[in-house]
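Asker: One line per chain: the protein sequences are G and B, in this order.
Using the numbering used here, the letters of the first sequence correspond one by one to residues 2 to 292.
Using the numbering used here, the letters of the second sequence correspond one by one to residues 23 to 439.
Calculated from the structure, these hints are not laboratory results.
Misleading hints may appear alongside valid ones.
The calculated DSS-like cross-link candidates involving lysine-lysine, where the alpha carbons are at most 27 Å apart (straight line), are [as the list claims (entries may be wrong)]:
1. G:Lys92 - B:Lys254
2. G:Lys131 - B:Lys350
3. G:Lys92 - B:Lys32
4. B:Lys97 - B:Lys138
5. G:Lys152 - G:Lys107
6. B:Lys350 - G:Lys129
7. B:Lys254 - G:Lys119
Pairwise CB distance ranges, derived in the manner of DEER restraints [to be verified]:
8. B:Phe433 - G:Ser192: 49 to 55 Å
9. B:Phe433 - G:Asn22: 42 to 48 Å
10. B:Ile228 - G:Lys106: 30 to 36 Å
Virtual Cβ for every residue (Gly too), placed ideally from N, Cα, C.
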Amino acid sequence: MIVLKDVSKRYGDFTALHDINLEFTNGLYGLLAPNGAGKTTMIKMLATLMRPSGGEILYDGKDIFQMEETYRTLLGYLPQQFGFYKNYSPKQYLLYLAALKGIGKKEALVKIEELLEKVALPDVMNKKMKKFSGGMIQRVGIAQALLNDPKVLILDEPTAGLDPKERARFRHLLSELGRDRLVLVSTHIVSDIESIANEIVMIKNRQILYKDSVEKICQTLEGHVYETSIKYEELDAFRNRAILLSEKQEQGNTIVRFIHKGKPDVAWLPVTPQLEDVFLYEYRDDVDGEV
Amino acid sequence: MMRIIFLECKKVFMSPLFIGLFIVFSMFNMYLIVDNSYFKEELKIANGLAETYGLEITNESLHQLEEDIKLEVGKMTEMTGQEVESVFSFFDQLSMEDYEKYSEEEQSFFHQLQLKEAYLNVAKQIDSDYEGLSMKALAEAEIEKYQLSGNAAEILLTEAEKLSIRFDKLKQTGEHKQWFFLGQPYEMHSFLFRTIVKAVVFEALILIVLATALLTTYEFENRTHLLVYATKRGRIVMKDKLFASLLVTTVIVAMLLGVTLAAYFTVFDYAYLWKSSISSALNWEYNFPYITWWDMPFWKFLSLVIVLLYSCILLFTAITYAIAVAVKNSYFTFFIFAVFFAICFMLPGFMPLSSSLLFITTFNLSVVVMNPHLLFTGNGGLVMFKYHEVLTVTVWTVIALVLYWLVSNHFKKVDIH
Ligand SMILES: Nc1ncnc2c1ncn2[C@@H]1O[C@H](COP(=O)(O)OP(=O)(O)O)[C@@H](O)[C@H]1O
Ligand SMILES: [Mg+2]
Numbered sequence: 002m003i004v005l006k007d008v009s010k011r012y013g014d015f016t017a018l019h020d021i022n023l024e025f026t027n028g029l030y031g032l033l034a035p036n037g038a039g040k041t042t043m044i045k046m047l048a049t050l051m052r053p054s055g056g057e058i059l060y061d062g063k064d065i066f067q068m069e070e071t072y073r074t075l076l077g078y079l080p081q082q083f084g085f086y087k088n089y090s091p092k093q094y095l096l097y098l099a100a101l102k103g104i105g106k107k108e109a110l111v112k113i114e115e116l117l118e119k120v121a122l123p124d125v126m127n128k129k130m131k132k133f134s135g136g137m138i139q140r141v142g143i144a145q146a147l148l149n150d151p152k153v154l155i156l157d158e159p160t161a162g163l164d165p166k167e168r169a170r171f172r173h174l175l176s177e178l179g180r181d182r183l184v185l186v187s188t189h190i191v192s193d194i195e196s197i198a199n200e201i202v203m204i205k206n207r208q209i210l211y212k213d214s215v216e217k218i219c220q221t222l223e224g225h226v227y228e229t230s231i232k233y234e235e236l237d238a239f240r241n242r243a244i245l246l247s248e249k250q251e252q253g254n255t256i257v258r259f260i261h262k263g264k265p266d267v268a269w270l271p272v273t274p275q276l277e278d279v280f281l282y283e284y285r286d287d288v289d290g291e292v
Numbered sequence: 023m024m025r026i027i028f029l030e031c032k033k034v035f036m037s038p039l040f041i042g043l044f045i046v047f048s049m050f051n052m053y054l055i056v057d058n059s060y061f062k063e064e065l066k067i068a069n070g071l072a073e074t075y076g077l078e079i080t081n082e083s084l085h086q087l088e089e090d091i092k093l094e095v096g097k098m099t100e101m102t103g104q105e106v107e108s109v110f111s112f113f114d115q116l117s118m119e120d121y122e123k124y125s126e127e128e129q130s131f132f133h134q135l136q137l138k139e140a141y142l143n144v145a146k147q148i149d150s151d152y153e154g155l156s157m158k159a160l161a162e163a164e165i166e167k168y169q170l171s172g173n174a175a176e177i178l179l180t181e182a183e184k185l186s187i188r189f190d191k192l193k194q195t196g197e198h199k200q201w202f203f204l205g206q207p208y209e210m211h212s213f214l215f216r217t218i219v220k221a222v223v224f225e226a227l228i229l230i231v232l233a234t235a236l237l238t239t240y241e242f243e244n245r246t247h248l249l250v251y252a253t254k255r256g257r258i259v260m261k262d263k264l265f266a267s268l269l270v271t272t273v274i275v276a277m278l279l280g281v282t283l284a285a286y287f288t289v290f291d292y293a294y295l296w297k298s299s300i301s302s303a304l305n306w307e308y309n310f311p312y313i314t315w316w317d318m319p320f321w322k323f324l325s326l327v328i329v330l331l332y333s334c335i336l337l338f339t340a341i342t343y344a345i346a347v348a349v350k351n352s353y354f355t356f357f358i359f360a361v362f363f364a365i366c367f368m369l370p371g372f373m374p375l376s377s378s379l380l381f382i383t384t385f386n387l388s389v390v391v392m393n394p395h396l397l398f399t400g401n402g403g404l405v406m407f408k409y410h411e412v413l414t415v416t417v418w419t420v421i422a423l424v425l426y427w428l429v430s431n432h433f434k435k436v437d438i439h
């Protein structure tokens with residue numbers, strides 16, 4: 002079990018995270034927040050790459066920075082951005098990382114073959130990585146994180162660069178992995194984790210906004226989400242009445258999905274809130290061009 | 023752990039720049055050697071003398087040599103049909119045209135004999151030449167030359183006194199009376215140590231600084247740092263990188279020196295002179311013969327120079343490592359190292375001429391490695407101290423250890439972005 006106790010992180014004068022308190026047990030956690038919210042910052046601390054400016058991070062009651070090797074033996078980590086050795090093949094590269102993870106060569110060879118199979122790269126095992134596409138590199142990264150069969154698996158935006166088919170396969174792999182270990186997946190894409198996460202952690206204003214199941218989080222908007230069909234010309238006026246979540250064109254009309262707290266119009270169709278709705282609602286002030 | 027170190031070493035030896043440079047440097051050294059080899063046949067005379075008359079130059083052996091030369095000069099009289107007193111005087115009155123008349127064999131004979139005469143003349147004059155040498159006068163000349171005063175001048179005179187004692191002892195034991203290649207004109211000592219060995223040191227430094235900077239900053243430059251430093255081995259991998267760098271350094275020095283010295287000793291034959299003293303009067307190249315603080319046969323001097331330079335280079339590796347950990351960029355590391363090296367070398371030149379700082383600042387590695395031909399000698403300008411080399415290496419070992427401790431502690435705690 003991992004516990005974050007009053008964890009803060011400052012970069013110079015800038016506070017990225019403030020007094021974070023969290024508990025993770027086994028299961029799949031989705032760390033969901035827009036870009037710049039502090040996901041990577043939190044994850045780098047969990048990977049012992051950065052020290053908290055305040056507070057502490059405990060694994061089974063012990064400070065992870067004091068546990069050193071003992072903690073990192075349990076850790077699998079995929080950074081948001083990472084490089085590779087251009088003239089190495091995935092096999093050579095993974096063998097090197099396996100050595101750093103304290104895995105014997107023979108054992109590593111078996112494991113590498115198995116993992117490359119799992120991420121659908123067995124054919125290019127001995128090809129130089131400089132010819133690889135972004136998605137292939139990302140999959141090597143995922144394989145790398147799994148080399149030591151980690152008890153704690155932390156993935157920072159793992160789906161970046163993957164195509165829809167690969168994403169689907171990856172989601173499947175994740176839910177399988179989440180059964181018997183702690184998996185923390187950060188993302189700013191709701192669909193990545195919506196269907197598989199046991200719990201979602203959302204960060205807002207440097208603090209934890211929610212840490213709950215998808216259902217519970219959605220309940221916070223229960224009875225406030227509607228859909229209705231309006232004329233395109235009415236759209237601007239509508240914006241002033243309600244918080245628009247999405248709009249789509251249909252036979253000359255615009256179907257809008259929105260949040261309204263207060264007495265609803267009879268023409269509005271109440272709908273079940275989705276995680277996406279919560280995300281859009283909570284981060285409506287953030288620049289969301291990237292979502 | 024051995025596997026990690028091996029994998030780190032592999033990163034260097036897979037770098038094309040590195041392999042290319044190694045080949046270029048080796049070729050360059052070969053070229054230096056071959057370019058200077060036109061007189062290698064003449065060098066056989068010194069070997070021949072040591073073989074025939076023994077390495078030590080004694081009154082008896084000199085006498086014997088003189089007799090033998092007389093015999094051969096007699097032969098010359100027969101060959102030329104004119105009274106020859108010495109080859110030297112013979113050549114003196116010989117015109118080029120006349121010389122051409124002799125067969126190649128005869129010419130070669132004359133030439134050999136002339137060289138023997140030259141060796142004999144130098145050997146005969148050793149005692150009188152050495153009478154004229156005074157360590158005090160040498161020190162005073164240096165003081166004059168560098169305009170030293172105060173503390174600095176005093177230190178130099180004190181050292182000169184110590185060297186005088188050593189010099190007197192040397193004259194007593196006859197360490198200086200051993201056959202060696204004539205310092206004039208061959209300058210073999212300078213050629214081997216100042217030209218060849220220094221070139222090797224320079225090349226090795228370039229290679230090891232590149233290699234160490236490459237290895238130490240490898241993860242940051244390839245953006246694999248987040249992966250590598252979060253593994254089980256984690257930041258301790260830096261220790262492996264240091265070991266790997268030291269290992270790579272060892273391999274580089276061994277290979278570069280191996281190749282170069284193998285070529286050198288293939289071209290230049292030292293067969294009978296390995297045991298000849300560096301302080302030999304024949305090894306007198308410039309104003310002064312070399313005077314080592316200890317009795318040093320050539321083989322011992324060479325070995326000690328190699329051991330010493332190797333130690334210095336290892337220390338340079340450690341210093342490069344410390345710089346690289348701090349700046350995380352291999353080009354900056356290389357640049358900073360170059361500046362550091364140059365500043366250390368020039369530092370004594372900026373010191374006041376009256377202060378002991380002038381000497382204290384010579385206790386640095388750059389000064390040691392830049393003058394391999396003067397190592398362990400007592401008359402090497404400002405670096406004449408008996409224990410200069412040993413002290414410098416000791417002091418810098420401590421400095422390197424402190425640097426290592428500082429950067430490891432820094433790196434252990436630093437945020438890796
Ligand atoms: N090394 C750094 N120095 C200064 N500010 C940083 C650094 N890393 C991240 N930040 C800032 O901290 C905030 C959180 O960043 P990050 O943790 O990368 O967010 P996310 O991963 O959620 O996109 C951002 O505003 C970012 O600009
Ligand atoms: Mg991020």
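Asker: Tell me, which hint numbers fail for this structure?
Answerer: Hints 8, 9 contradicted; others consistent.
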